[in-house]
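A.B. asks: Listed here are the chains, written in short residue letters.
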Amino acid sequence: MPVEIPKETWTGRVLEVTLGATPSEGGTRGRTVTVGGESTLPFLHYEGTIPHRPVVAVEVLDRRPDDWSLLLQEAWGDALDDPAAWAARGVALGASLVALRLEGCHPDKDGRSPQEAARTVQNVLKAVDVPLIVLGPGQPEADNEVLVAVAEAAAGERLVLGLCEDKNYRTIVAAALAHKHLVIASSPIDVNLAKQLNILISDMGLPLERILIDPTTGALGYGLEYTYSVMERLRIAALTGDRLTQLPFICTAGFESWRQKESKVGQGVPEAWGNFRERAIAWEVATATALLMAGADILVLRHPETIQRVVRVIDRLMGQKEA
Amino acid sequence: MALSGLEIYKLLPKTNCKECGFPTCLAFAMKLAQKQAELSACPYVSEQAKEALAAAAAPPIRLVTIGEGEHKVEVGNETVLFRHEKTFYHPPGIFLRLKDTDDVAARAGPALAYSVERVGMTLDLNGVAVENASGSPETFAACVQKVRSLSSKPLILMSNDVKALRTALAVEGGKRPLLYAATPENWEAMAALAKETGLPLAIRDGDLDGLAALTEKLKAAGVEDLVLDPGRRDLLETLHVLTHLRRLALRKNFRPLGYPVITFPGEGASDPLDEMVVAAEHVAKYAGLIVLDHFSPSLLYPLLTLRLNLYTDPQKPIQVSPGLYEIGSPGDKSPLLVTTNFSLTYFTVAGEVEGSGVPSWLLIADSEGMSVLTAWAAGKFDAEKIAKTVKEYDAASRLAHRKLVIPGYVSSLLGELEDELPGWEILVGPREAVDLPNYLKNVWRP
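Protein chains in written order, with our numbering: chain A, 72 to 394; chain B, 373 to 818.
No lab work stands behind these hints, which were simulated from the structure alone. All of these numbers come straight from a predicted model, not from anything done at the bench. Where hints are given, some of them may not hold.
Said to hold, decoys possible - Quick list of in silico lysine to aspartate or glutamate cross-link-like pairs, DMTMM-like style, CA-CA up to 20 Å:
| no. | chain 1 | residue 1 | chain 2 | residue 2 |
| --- | --- | --- | --- | --- |
| 1 | A | K180 | B | E726 |
| 2 | A | K180 | A | D153 |
| 3 | B | K813 | A | D137 |
| 4 | B | K657 | A | D386 |
| 5 | A | K238 | B | E726 |
Claimed, not checked - Pairwise CB distance ranges, derived in the manner of DEER restraints:
| no. | chain 1 | residue 1 | chain 2 | residue 2 | range |
| --- | --- | --- | --- | --- | --- |
| 6 | B | D766 | A | P278 | 36 to 46 Å |
| 7 | A | T311 | B | D533 | 48 to 58 Å |
| 8 | A | T93 | B | S784 | 32 to 42 Å |
| 9 | B | S784 | A | G182 | 30 to 40 Å |
| 10 | B | D766 | A | G182 | 34 to 44 Å |
| 11 | A | M389 | B | E790 | 22 to 32 Å |
| 12 | B | G481 | A | V340 | 19 to 29 Å |
| 13 | A | Y117 | B | Q517 | 20 to 30 Å |
As the list claims (entries may be wrong) - Rough simulated footprint, nothing fancy, chain A against chain B, three-plus residues with beta-carbon under 8 Å:
| no. | segment |
| --- | --- |
| 14 | 466–472 |
| 15 | 507–520 |
| 16 | 717–729 |
| 17 | 764–778 |
Note that CB positions come from ideal geometry on N, CA and C, so glycine has one too.
Chain B with its partners taken away, still in its complex shape (with noise of 0.2 Å):
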């Protein structure tokens, strides 16, 4: 946890001596705790409080990264419970669990390939865990072998023999698989391999108490990054285990459990939508890693969509490209309706035109990701914004009309537009989307 101004102001020299470019040590500890000025500037700080400040400055919730290159993970340090706190930085990785006993290109090749388009973002799934179900070190790495022939995405491999993971890593690629797991039992010789190969290791025990203590164990050991798995598997033991390893880490700074956490929504699932709905919980509260048990298109892309909606920043919110945007399959007498690339107001408007029935184009003006009133409000959607898009798009060259429907908030433009866009009828459409359907169905005339 952070310091404040005055608990760094007590670790400093105090005696004003101004080298570090301020006026008194007060000062610079205040910019020290807004992260405004570095350390380094005072010459006689003492060893003691450079530990303490890096201490308190490292995160509650460390960074692991699986993998490597373009495909790696990043999980962990996250600073909030509540994404409208500030935003959840980063998205749990997905993961198919494959066992060494499987059929790998049938079970894996279709999962790796897969990847589906939603906002202009490529969404596809993180990597594959390979499980030694066989106990045999050699079909294990066999299977390892395979799964790296079709795919250099994350691994994790998943075997309680320290001998299984060696022969397994011989072959892996050397792209910082995640090895899975340590326990009470093999913690020693897992630490060594860990400590050995700098890998991140899991490490799972169904008790908190046991977790905090092991994660002790293997930090003494010198192994840090370490993702956690507390065991729980039911829908709602794994809700609370896993806020209660949230809360610790940022409520208390519990150190001993501030790692990132791994779930697996299959073991605690009736059936392959269950177990998505598993994971969409993980998903809202607090799971690093997820590994899945199925692989099925029409689970995984809504699953990927929940996590792409909880993992946007709320404090900026996505943008629509603009441009003009076919909605059904409009002609050159269907409706233009103009609007602004607030993500929610593009949703709202071109959910309610699809829902009108009514094929339209709809114009996306860059109102820098603001609503209708707030853009207008800020000048990011005036009249002369609008017709620069207008023209920016071209969008007279798909009509056999000229007339443009704007939304009724903005209806005082309408002056200001007839002279921007001379030879355009400007219509004011409804103020809310919701009413577009009847202004399209019975208002509208081409």
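So here's chain A without its partners, still in its complex pose (with noise of 0.2 Å):
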């Protein structure tokens, strides 16, 4: 009996979206990284093309965290004192991005200036050849202050700014059009707020092209699945032609899922739970697996070890056999 394989016809297609740029595009990068430009569901490739495949991000602080999981300061170590040699690593195990995160900024940590921020970018941008995303401390007032110098000391470097919120967009996005950068926008889990946002934001003069979509990433256990659902929403809608959802989604998979008792706290948990490594590492393998397959572009990831093993996830996802 000849069964006959039911394909889907999309009409639209994810916008490809490059990161960084080369000396000859007006910056210094090795390498450009491009995401998006998928014509199907994740990974279909039957039906569709995927021109490009996910990847994955370091997530590097500007400073030692004081709040993060005994796991990730041994996996790193003094790593974790010199952002350049953190993202250095990160990139050896097989990141193809770096996300530097300038927590040392936010007035409740080291309230760092704009200007240190800025020459910690340079650093890392000295340090690796790949595109770099910048995020801002996470205070609106230090974000933008932040943000702003180290678009102008990187200037077109087709750095990713973030995070874009509806409350606090404008400055960032005047930076990176003044710039030559790309902005990350960021909406509480809702297909119409990220539409909104995405709008507000072009309606600035920043194209399409120069956005990604953070959908606000829920960790296993902890709203996983509305992430994942809003994630298949908004990508459905993109594959059949609503254009404010054509963009790439970057997700902090890492972020989310080492702040959760599960990866964070190895004694006085349940039993059942076990042994405290793997099930850390694991929960954040698990988080990452489950938004490769909603349609995750980007994965910003913390634990070296899951950096290897999400990599080749993706390797096998994309057709490339084990070597």
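Put the complex together from the two separate chains, hints included.
C.D. replies: Structure, rendered in structure tokens:
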């Protein structure tokens, strides 16, 4: 009995977004990274094209994190004091991008100046040749000051600046426009809010090809299903031609899963949770795997072993056989 | 696939006799399409119409039951490709494979005894698959008997040898195991066994044409409770074939492949953690039964959690039980915060409070699973409800102070709450949970 394989005919596709710029393009990167461009659902190569693989970014802080899981502290060791070395090690492990979070600029942390932040960014740019995502400290005023200084100091690099939210996006978008960068548009797990923010940002003159969607990530066991479904809904809308949803996804899987008790606490937890190290890494890997199934284009991850494993999972889902 | 009202109308007598209680046959047909009427209400309907309607009403993916009693596993009968379209109904059964040459007590004992609590639910392994690796019917049966002495959970009996299966069934205890598997080579003998015993039967063929041909043969032989093994083990190939199967059943109403699917993630994995990754893909994309080769609590716990997440009905948010929750180890000088019982609200707030390092009391009011703003708008999170919750869980008895922090979004409740809770100071916290750490560290004072 001949079975005819059903195929969907999609009319839309995700926009291709290129991060980083080489010297001939006005930057200093050894390579650029393009994400997006899919014309089908995740990894269904038989019914559309997936020109660019999803990629992993290593999350790097500008200061030694004071509340990170001991497992992450052990894994990265002294690199935690040196963002440039940390980033280089992440890239050596297989990360295609570096996501630098300027936590030290938060007024509650070290309150570092925008100039210091810009220097840190320069140092990381020197240490690696991959494109850079730069995240502000997460406090609107500090974000604006810091990201403006960073955008100017790294003009032309096609950095990704984040996060733009509905209440705070103008300054960051203006800085991206002035200095040829990209932005992350972050909205709280909602299709319409995501579209609305993309309208606001593109109305300022930033082309959609320079915007990534952060749908707001929930970790495994902590709201993952909401992120999963909002991503599936956005991606299906993109493939059926809704322009404002046709942007690649960036998901902070590492940040979210390492915040949870399962990944932070090794003692005084139920025995059924099993071995601490294996569980914590599995938590991040499982979160990342589910997000890949829902359409993640960039996964920001924390643990060295997760980075290596998730890169290998992507290899296989892109049809590359194990070496 | 369900028939439309007009399609049903064509099958009715079209006499408008009104004996069904509806004014016309068309009106009756519309009600039948909406499942608001029963066909039996029409005294004149033909046998042919009955058959056509019954066939159309059958689910596109057959519901198959493995096991009996409290541990039984029901898989199949899914109606959507994406959970947001409605919901996924029957979580995949997760089994551990055991070879009949293994030490049963050492391998299956801890796995069968395993359970973990999450949001008030108990999650565990669904059962054990016993593989006739020895090739000996007696060794196989002895192994099944040992597993049965440990647990009454469902079993999957894996052997190509009908004799071995018969020997094992004699000691299995009659708890409706799944027989694995019929193949193009042995299907006749397997069909005979499944028909005779009434047990569900898995079938394996690496080719969808072959698989469909086999299900038709088995159906003709009277075996309908089938489970499909499309034979792929590679991460990408499995994603593709499971997507084909789900789409064939739901989009094409292709009956020959409208059955739940069984997967073996360990056969496509490089190590136990990788097996969890492959299994995670199968949980997300369309497996009905997942047979693992490794048991490790640290890997099973995230896998069970993922299954719980993705099989949660998106239209009925998981609710957290109302009550007074301890975050960290709060004392009588710790802050008291109140919010709603929507699970995502709870997890977000609890996560931020935990992350702040400031031990706190978190009071959860019963907002019927709505988030703060929605609940406020619907009148499920008003001053009266908050005051009632404070009293019901006797928050005062845990505190040396009388201060209650309310979400910034409901700051308008301040005055009313002060009236409802005399002697209490009502503080307006941040609107968003993400601002709680700063609030707790820098603004809140005992």
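A.B. asks: The structure should be examined with respect to each hint, and the outcome stated for every one.
C.D. replies: Evaluated hints:
no. : hint                        : result
1   : A:K180 - B:E726             : 18 Å, holds
2   : A:K180 - A:D153             : 17 Å, holds
3   : B:K813 - A:D137             : 15 Å, holds
4   : B:K657 - A:D386             : 19 Å, holds
5   : A:K238 - B:E726             : 26 Å, violated
6   : B:D766 - A:P278: 36 to 46 Å : 58 Å, violated
7   : A:T311 - B:D533: 48 to 58 Å : 50 Å, holds
8   : A:T93 - B:S784: 32 to 42 Å  : 54 Å, violated
9   : B:S784 - A:G182: 30 to 40 Å : 34 Å, holds
10  : B:D766 - A:G182: 34 to 44 Å : 42 Å, holds
11  : A:M389 - B:E790: 22 to 32 Å : 60 Å, violated
12  : B:G481 - A:V340: 19 to 29 Å : 23 Å, holds
13  : A:Y117 - B:Q517: 20 to 30 Å : 46 Å, violated
14  : 466–472                     : violated (count 0)
15  : 507–520                     : violated (count 0)
16  : 717–729                     : holds (count 6)
17  : 764–778                     : violated (count 0)
Comparing the model with each numbered hint stated earlier shows that hints 5, 6, 8, 11, 13, 14, 15, 17 do not hold.
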